[in-house]
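Construct all of the structure, not just a fragment, from the sequences and the given hints.
Just so you know, the protein sequences line up as chains A and B, in that order.
Residue numbering for the first sequence is 197 to 861, as defined by our numbering.
Residue numbering for the second sequence is 43 to 307, as defined by our numbering.
What the hints contain is simulated information worked out from the structure, not anything from laboratory work.
Glycine is no exception: its CB is placed at the ideal position from the N, C-alpha and C atoms.
Just so you know, not all the hints are guaranteed correct.
In the DMTMM-like style, the derived pairs of lysine to aspartate or glutamate whose C-alpha atoms are separated by at most 25 Å in a straight line are [claimed, not checked]:
(1) K596(A) x D137(B)
(2) K279(B) x E293(B)
(3) K310(A) x E271(A)
(4) K250(B) x D688(A)
(5) K546(A) x D217(B)
(6) K305(A) x D216(A)
(7) K367(A) x D573(A)
(8) K428(A) x D508(A)
(9) K188(B) x D573(A)
(10) K404(A) x E730(A)
(11) K59(B) x E265(B)
(12) K380(A) x D508(A)
(13) K404(A) x D508(A)
(14) K59(B) x E303(B)
(15) K546(A) x D137(B)
(16) K546(A) x E265(B)
(17) K250(B) x E666(A)
(18) K662(A) x D137(B)
(19) K289(B) x D717(A)
(20) K202(B) x D592(A)
(21) K596(A) x E243(B)
(22) K55(B) x D94(B)
(23) K202(B) x D717(A)
(24) K546(A) x E293(B)
(25) K428(A) x E403(A)
(26) K657(A) x D538(A)
(27) K671(A) x E260(B)
(28) K250(B) x E361(A)
(29) K188(B) x E666(A)
(30) K599(A) x E619(A)
(31) K671(A) x E293(B)
(32) K662(A) x E293(B)
(33) K367(A) x E254(A)
(34) K93(B) x D592(A)
A few chain B residues that don't get close to chain A, going by computed Cβ distances all over 12 Å [to be verified]:
(35) M43
(36) F46
(37) E77
(38) G87
(39) N112
(40) K187
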Amino acid sequence: MHRIGVFVCHCGTNIASTVDVKAVAEAAAKEPGVVFSADYQYMCSEAGQNLIKDTIKEKNLTGVVVCSCSPRMHENTFRKAVSAAGLNPYLLEVANIREQCSWIHKDIKDGTEKAIVLTRAAIAKVVLNAPLVAGTSPVTKRALVIGGGIAGIQTALDIADAGFEVDIVEKRPTIGGKMAQLDKTFPTLDCAACILTPKMVEAAQHEKIRILSYSEVCGVKGFVGSFKVKIKRKARFVKEDVCTGCGLCTEKCPMKRVPNEFNLGMDERRAIYIPFAQAVPKVAVIDPDHCNMLKNGKCGVCAKVCSVGAIDYKAQDSFVEEDYGAIVVATGFEPINIDAYDEFAYSQSKDVVTSLEYERLMNAAGPTGGKLLRPSDGKHPHTIVFVQCVGSRESDGSPKCGKSYCSKICCMYTAKHAMLTREKYPDTEVYVFYIDVRTPGKGFDEFYRRAAEQYGVHYVKGMVGKVVPENGVLKVRAFDLIAGEQLQINADMVVLATAIEPDKTARPLATLLTASMDTNDFFTEAHPKLRPVESPTAGIFLSGACQGPKDIPETVAQAGAAAAKVVGLLAKDSIVCNPCVAHSDEKLCNGCSRCERVCPYGAITYVDKEFKMPDRSIKIRRVSQVNEAVCQGCGACTVVCPSGAMDLKGFSTEQLRAEVDAICK
Amino acid sequence: MMTFSYYPGCTLKNKAKDLDEYARLSARALGVELEELNEWQCCGGVYPLSKDEIATKLSSVRALMKARDNSGTLVTLCSACHNVIKQVNRDMLTDDYIATRVNNYLGADGQYHGETKVIHFLEMLRDTVGFDEIKKRVVKPLNGKKIGAYYGCLLLRPAKTMQFDNAENPRIIEDLIEALGGEAVIYAERNECCGAYVTLEDKDFAAKRAVSIKNNAESMGAELIVTACPLCQYNLKVNAAGGVEVKYFTELLAEALGVKEGFDE
Numbered sequence: 197m198h199r200i201g202v203f204v205c206h207c208g209t210n211i212a213s214t215v216d217v218k219a220v221a222e223a224a225a226k227e228p229g230v231v232f233s234a235d236y237q238y239m240c241s242e243a244g245q246n247l248i249k250d251t252i253k254e255k256n257l258t259g260v261v262v263c264s265c266s267p268r269m270h271e272n273t274f275r276k277a278v279s280a281a282g283l284n285p286y287l288l289e290v291a292n293i294r295e296q297c298s299w300i301h302k303d304i305k306d307g308t309e310k311a312i313v314l315t316r317a318a319i320a321k322v323v324l325n326a327p328l329v330a331g332t333s334p335v336t337k338r339a340l341v342i343g344g345g346i347a348g349i350q351t352a353l354d355i356a357d358a359g360f361e362v363d364i365v366e367k368r369p370t371i372g373g374k375m376a377q378l379d380k381t382f383p384t385l386d387c388a389a390c391i392l393t394p395k396m397v398e399a400a401q402h403e404k405i406r407i408l409s410y411s412e413v414c415g416v417k418g419f420v421g422s423f424k425v426k427i428k429r430k431a432r433f434v435k436e437d438v439c440t441g442c443g444l445c446t447e448k449c450p451m452k453r454v455p456n457e458f459n460l461g462m463d464e465r466r467a468i469y470i471p472f473a474q475a476v477p478k479v480a481v482i483d484p485d486h487c488n489m490l491k492n493g494k495c496g497v498c499a500k501v502c503s504v505g506a507i508d509y510k511a512q513d514s515f516v517e518e519d520y521g522a523i524v525v526a527t528g529f530e531p532i533n534i535d536a537y538d539e540f541a542y543s544q545s546k547d548v549v550t551s552l553e554y555e556r557l558m559n560a561a562g563p564t565g566g567k568l569l570r571p572s573d574g575k576h577p578h579t580i581v582f583v584q585c586v587g588s589r590e591s592d593g594s595p596k597c598g599k600s601y602c603s604k605i606c607c608m609y610t611a612k613h614a615m616l617t618r619e620k621y622p623d624t625e626v627y628v629f630y631i632d633v634r635t636p637g638k639g640f641d642e643f644y645r646r647a648a649e650q651y652g653v654h655y656v657k658g659m660v661g662k663v664v665p666e667n668g669v670l671k672v673r674a675f676d677l678i679a680g681e682q683l684q685i686n687a688d689m690v691v692l693a694t695a696i697e698p699d700k701t702a703r704p705l706a707t708l709l710t711a712s713m714d715t716n717d718f719f720t721e722a723h724p725k726l727r728p729v730e731s732p733t734a735g736i737f738l739s740g741a742c743q744g745p746k747d748i749p750e751t752v753a754q755a756g757a758a759a760a761k762v763v764g765l766l767a768k769d770s771i772v773c774n775p776c777v778a779h780s781d782e783k784l785c786n787g788c789s790r791c792e793r794v795c796p797y798g799a800i801t802y803v804d805k806e807f808k809m810p811d812r813s814i815k816i817r818r819v820s821q822v823n824e825a826v827c828q829g830c831g832a833c834t835v836v837c838p839s840g841a842m843d844l845k846g847f848s849t850e851q852l853r854a855e856v857d858a859i860c861k
Numbered sequence: 043m044m045t046f047s048y049y050p051g052c053t054l055k056n057k058a059k060d061l062d063e064y065a066r067l068s069a070r071a072l073g074v075e076l077e078e079l080n081e082w083q084c085c086g087g088v089y090p091l092s093k094d095e096i097a098t099k100l101s102s103v104r105a106l107m108k109a110r111d112n113s114g115t116l117v118t119l120c121s122a123c124h125n126v127i128k129q130v131n132r133d134m135l136t137d138d139y140i141a142t143r144v145n146n147y148l149g150a151d152g153q154y155h156g157e158t159k160v161i162h163f164l165e166m167l168r169d170t171v172g173f174d175e176i177k178k179r180v181v182k183p184l185n186g187k188k189i190g191a192y193y194g195c196l197l198l199r200p201a202k203t204m205q206f207d208n209a210e211n212p213r214i215i216e217d218l219i220e221a222l223g224g225e226a227v228i229y230a231e232r233n234e235c236c237g238a239y240v241t242l243e244d245k246d247f248a249a250k251r252a253v254s255i256k257n258n259a260e261s262m263g264a265e266l267i268v269t270a271c272p273l274c275q276y277n278l279k280v281n282a283a284g285g286v287e288v289k290y291f292t293e294l295l296a297e298a299l300g301v302k303e304g305f306d307e
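Okay, structure coming up:
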């Protein structure tokens, strides 16, 4: 005989204001099997939990239903309470009468009615719950960091300093990411390279860190604590362990006219190249799309000049498979493509540049050696117009496919560009067109005001409507919203603060990791406030701009936070598994393999098994088997199984039917 | 021979006869028959923004209905007509308030819900005939003549409805110019409004805009400007007299296809 207790929470007024909690408790009391039903102000409080524990003992309950918030919030809390009173924790059901009921209803009658139905469904399910025992699985004490920008480097360093091994997988030939391309960093104006390159070197020299540059993650199996990751090591055509980074090959290579991606195509490199002087690892790489030897079998100059014999034209992509306990995503961002924004004439004039290109033009290691020169004719510009929010903060459904969000970093770096330009070249006039200037952050607003007030940067509220290149001048047409007048500025250069978006590799990676993303392809965090560096997928952590637009200080802070979470996981020897896993009824299994194909975790295998038939003969049949340590309980197999052999413990078809029946009653 | 329903519009029967005639001659040479709708009415020239007045949308709806009952596709040529008819078509498809009231008015004449596909003559050239095909049919190539396409505003905007080309960096007329053997000159003001709509109110302003556009095209090397819009043509030619020559793109097409002489001015 079932003895069910029902506990209805007020959640202060969160539930009680739109659900008559007393009526819910009364209705629950009338359900068959319910021997106790009560309401309480805060069920998650210590007193509330004690009420549950005491009742379990007094009434000798066989099942508990708590009507409260979403199970994502407090299911664990209540499972612990139930367990402390000696009941199996899986004999608890949570009826979500807050997020899915009280919060979305305005009318107390509707809310109450729905809460009663949800409670009834939970009661119908709990009577079918079976006690489950969670197993444990071991933790591989190594971490993988995907992306070698400042976010990935910082996370790797922090994990390594705690004593755990870390691999950094970086798709480019060197680590360093976007920060390596920057000139100065706001708000203190220290040089980006000066603060980044020591970290790159530290990562390279750290005994616990291994850098797999020019590599990509191409397969992920397993689950939290024991991931198996397949990594593609792209052929460099230069032996990484032999090359000394002397750079002679990069001077002698005859293929000179390859656009240099590090300088955003504003100058050229050779077919064999080292991305930049402080690259880590400082090893050359051959670009197979431009190398004459690899394309036509003619040349071989680099092999001739290399004194250590590091060149290997026959190199092939190779694959390695590694085990990790945790994976950190640090894939960063890219500026958006601005083809749809040609009112700014980016495709028509070389003197219209993006902010990242401007960053390279200001950089001492950039294509102009740090001298500010117009790309079209190499002359010194005297009037520069900065346009903010290019592609950011656009209304939904705009035909330009811009971003609805604020890219966050542009106001500050534009203030930086404007200030540095005025400081280096006081003879230039600098205009900044803005929608709003958004500079919250320590020392940020002071920084912006310094640009406007001390450096005489002309901040104009309004947007640029058109840039017309004509006879070597950029006619910038704009509207000054405060003065209420149209402006035309004859500029020498226009700089576009382009919106940023997640790196293009993030989406396919998210699929491999089964990590969720938002509509903008930023990784979603497990909780936007309380769990900001964890993905909802266990064992996957988020670092830097892959989760949302971020500046360097914020990225570094989040990178450290992600590392702390990883260390917290790796410090454990084993983790408790979810006992709500699939299992197959061998007698019903028809051997179709659909479950095996659909399983994202590789938890299902097929075996040949002997069965005694009714006529006492022996028949060998192929049937599915679930590896309970690997199964994550997603339930996909139960949906595709045509014979009803697959079922999920804790969420069996029978239980779900009972819930639906209770709702439809 | 392919046949499309065709809506010429009033201006093409009057001031802009050449825009229309060259288009028909060229189309015929390319194996397309433009079948003029029976009893079409003036589109009004300006897309009516007011939501409470449906009378101004009726002529477009009637044209759209006829085209639906013929072949399902309506080809337009005048930029203003194209803009008005395409926007009204969107209203009939997506705006229940307008569609219901228009259909109530139409009553026994039939019902319309935006079924017709509205394409501009240029889109017909690109998507049905194909610029590669046109290139093959050219008998008098333009020999690298530097030509600036002038789009104006009506063909491109509102971009979401017109879906004509990248509104900030269009290519369709440039691609046609190149198919005809000319050299397309890209200049920034090719998608700016010429200001023709304010001619009656402020002629100087319209002239100023037109001069600016012509100067921009000329400074980028254009020897000729081609347009698809009678209003732009008038403004660029009459309000801003002198400077670089302005023609309809259909004249250029007819010339290159060797059928220009068929038109008796």
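For K404(A) and E730(A), compute the direct alpha-carbon distance and say whether it is at most 25 Å. holds, 23 Å
For K188(B) and D573(A), compute the direct alpha-carbon distance and say whether it is at most 25 Å. holds, 24 Å
Within 25 Å, alpha carbon to alpha carbon, are K546(A) and D137(B)? violated, 43 Å
Given hint D573(A) paired with K367(A) - CA-CA distance at most 25 Å: violated, 35 Å
Is the straight-line distance between the alpha-carbon of K250(B) and that of D688(A) 25 Å or less? With a Cα-Cα distance of about 24 Å, the restraint between K250(B) and D688(A) holds, given a limit of 25 Å.
Next pair to validate is K367(A) with E254(A); report whether the Cα-Cα distance is within 25 Å. violated, 62 Å
Please work out if K546(A) and E293(B) have their alpha carbons no farther apart than 25 Å. violated, 34 Å
Beyond 12 Å from every chain A Cβ: check whether that's true for G87(B). Its Cβ never comes within 12 Å of chain A, the nearest being 24 Å, so this holds.
Below or equal to 25 Å on CA atoms is what counts here, so check K428(A) against E403(A). Holds, at roughly 23 Å.
For F46(B), is the shortest beta carbon distance to chain A beyond 12 Å? holds, 26 Å
For the pair supplied as a hint, K250(B) and E666(A), is the alpha-carbon distance within the 25 Å limit? holds, 16 Å
Could you grab the alpha-carbon distance between K671(A) and E293(B) and see if it respects the 25 Å cut-off? Since the Cα atoms of K671(A) and E293(B) sit roughly 32 Å apart, the hinted pair is violated (cutoff 25 Å).
Hints 7, 12, 13, 15, 18, 19, 21, 22, 24, 28, 30, 31, 32, 33 from the list above are not met by this structure, while the remaining hints are.
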